[in-house]
Amino acid sequence: MIKLTGMVKRNCLVFLKDKGAVFFSILAMIIVLALTGIFLGEMNAESVTDLLEQYGGARNAAMDKENARHLTQYWTLAGLMVVNSLTVTLTVIGTMVSDKTSDKLKSFYTAPVSRFMIAVSYIISAVIIGFVFCAVTLLGYMSYIGMTGGVLLSFFVTAKVLGYTFLNVILFSVISYLAALFVKSTNAWGSIAMVVGTLVGFMGAVYVPVGSLTDSVVTVLKCFPILHGASLMRKAMCEDMLAKTFEGVRIEVLEGYRKAMGIDIFIDAKVISDELQVLFLFVCGMITLVLIAVTAKKREAV
8 MIKLTGMVKR NCLVFLKDKG AVFFSILAMI IVLALTGIFL GEMNAESVTD
58 LLEQYGGARN AAMDKENARH LTQYWTLAGL MVVNSLTVTL TVIGTMVSDK
108 TSDKLKSFYT APVSRFMIAV SYIISAVIIG FVFCAVTLLG YMSYIGMTGG
158 VLLSFFVTAK VLGYTFLNVI LFSVISYLAA LFVKSTNAWG SIAMVVGTLV
208 GFMGAVYVPV GSLTDSVVTV LKCFPILHGA SLMRKAMCED MLAKTFEGVR
258 IEVLEGYRKA MGIDIFIDAK VISDELQVLF LFVCGMITLV LIAVTAKKRE
308 AV
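Using my numbering, you'd call the opening residue of the sequence shown number 8 and step up by one each time.
Simulated from the structure, these hints should not be mistaken for laboratory data. Do not rely on the hints blindly, as some may be mistaken.
[Said to hold, decoys possible] Result set (DSS-like, lysine-lysine): computed pairs, CA atoms no more than 30 Å apart in a straight line:
hint: 1; residue 1: K16; residue 2: K305
hint: 2; residue 1: K266; residue 2: K251
hint: 3; residue 1: K26; residue 2: K10
hint: 4; residue 1: K113; residue 2: K16
hint: 5; residue 1: K251; residue 2: K229
hint: 6; residue 1: K113; residue 2: K304
hint: 7; residue 1: K72; residue 2: K242
hint: 8; residue 1: K107; residue 2: K26
hint: 9; residue 1: K111; residue 2: K191
hint: 10; residue 1: K304; residue 2: K111
hint: 11; residue 1: K167; residue 2: K72
hint: 12; residue 1: K113; residue 2: K191
hint: 13; residue 1: K26; residue 2: K113
hint: 14; residue 1: K26; residue 2: K16
hint: 15; residue 1: K10; residue 2: K304
hint: 16; residue 1: K304; residue 2: K16
hint: 17; residue 1: K24; residue 2: K107
From just these sequences and the hints, can you work out the full model?
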């Protein structure tokens with residue numbers, strides 16, 4: 008246990024001392040925040056107010072606009088948390104790729120530490136840093152929402168969001184580790200990180216809502232854990248604001264909005280429950296761990 012703790016501490020410090028890695032992790036978060044919060048946020052809020060004007064009857068326009076703005080803020084935060092869960096852990100796992108290319112990993116293998124423990128140390132490091140980054144993001148963004156007059160999440164909802172965050176971070180850490188096993192250079196890993204950082208916003212329906220995509224694209228996205236991780240976050244964060252914003256509006260309008268914004272994910276016209284989505288993420292993690300074990304055994308045999 009002491010050896011594992013030492014390896015985890017070392018990996019975390021290596022990442023934190025790499026100012027470039029930390030900077031680009033923060034930069035990715037800022038880019039997503041700018042795209043969804045500044046450029047797309049107003050458009051999403053206007054779409055909500057338009058719905059309320061069209062189907063809500065006589066309403067308080069000023070209150071509707073305020074509620075729509077805060078609903079959009081939480082929707083944006085949910086997507087941002089999922090993006091961070093993947094991009095930050097991917098960057099942290101880059102430490103292993105760097106160790107591999109510099110032959111430090113070979114030195115670790117000659118030390119009295121099992122290969123399993125070395126692998127686990129990289130994954131745990133990614134989980135710790137990824138979760139901390141996401142928690143700081145949650146705290147910072149909620150502070151902003153509070154200062155702009157929004158209603159803060161309750162203790163129960165915050166705990167639920169952190170639980171989903173932890174699940175996402177673990178899943179994306181093991182997936183990133185599996186990908187790193189096949190990468191032999193830091194340049195290649197940097198290219199992968201750049202591509203993934205671009206795609207994750209689309210795969211999680213963060214940049215473009217599900218309702219704006221074709222049915223075939225949505226069907227493909229449902230096969231990946233990113234969309235389901237984002238859906239869980241959105242349901243937890245937006246539930247109270249959805250009830251407040253769409254109060255007095257026909258249930259069909261609310262259901263259509265939830266589907267269009269990727270809050271609810273459907274299969275055969277039925278909403279996938281939270282429990283099934285959590286189970287799907289768990290199964291994805293287990294499959295990834297099996298693939299890691301198989302890959303590691305094959306490499307030892309070579």
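These are the hints, each one checked on the structure:
Proposed proximity of K16 and K305 is supported: the alpha carbons are some 29 Å apart, at most 30 Å. Proximity of K266 to K251 is assessed by CA-CA distance (about 18 Å); at most 30 Å being required, the pair is judged to hold. Between K26 and K10, the direct Cα distance comes to roughly 26 Å. Compliance with the 30 Å bound is thereby established for this hinted pair. The suggested pairing of K113 with K16 holds, with an alpha-carbon distance near 19 Å, which does not exceed 30 Å.
For a cut-off of 30 Å, the pair hint linking K251 to K229 stands: about 28 Å separates their Cα positions. Restraint check for K113 and K304: satisfied, since their Cα atoms lie roughly 16 Å apart, inside the 30 Å limit. For the proposed pair K72 and K242, the alpha carbon gap of about 21 Å is at most 30 Å, so the pair holds. For the hint linking K107 to K26, the alpha-carbon distance of about 20 Å falls within 30 Å, and the restraint holds.
A distance of roughly 13 Å separates the Cα atoms of K111 and K191; the hinted pair therefore holds under the 30 Å criterion. Of the supplied pair hints, the one linking K304 and K111 holds, its CA atoms being roughly 20 Å apart against a limit of 30 Å. With a CA separation close to 27 Å, the supplied pair K167 and K72 stays within the 30 Å bound. Of the pairs offered as hints, the one joining K113 and K191 holds, with about 13 Å between alpha carbons and a cut-off of 30 Å not exceeded.
Restraint check: the Cα-Cα separation between K26 and K113 comes to about 25 Å, which is no more than 30 Å; the hinted pair holds. A hinted pair counts as satisfied when its Cα atoms are at most 30 Å apart, and K26 with K16 qualifies at roughly 17 Å. Annotation: proposed proximity of K10 to K304 holds, straight-line Cα distance about 22 Å (limit 30 Å). A threshold of 30 Å between alpha carbons decides the hint, and for K304 with K16 the separation of about 26 Å falls inside it, so the pair holds.
Of the supplied pair hints, the one linking K24 and K107 holds, its CA atoms being roughly 18 Å apart against a limit of 30 Å.
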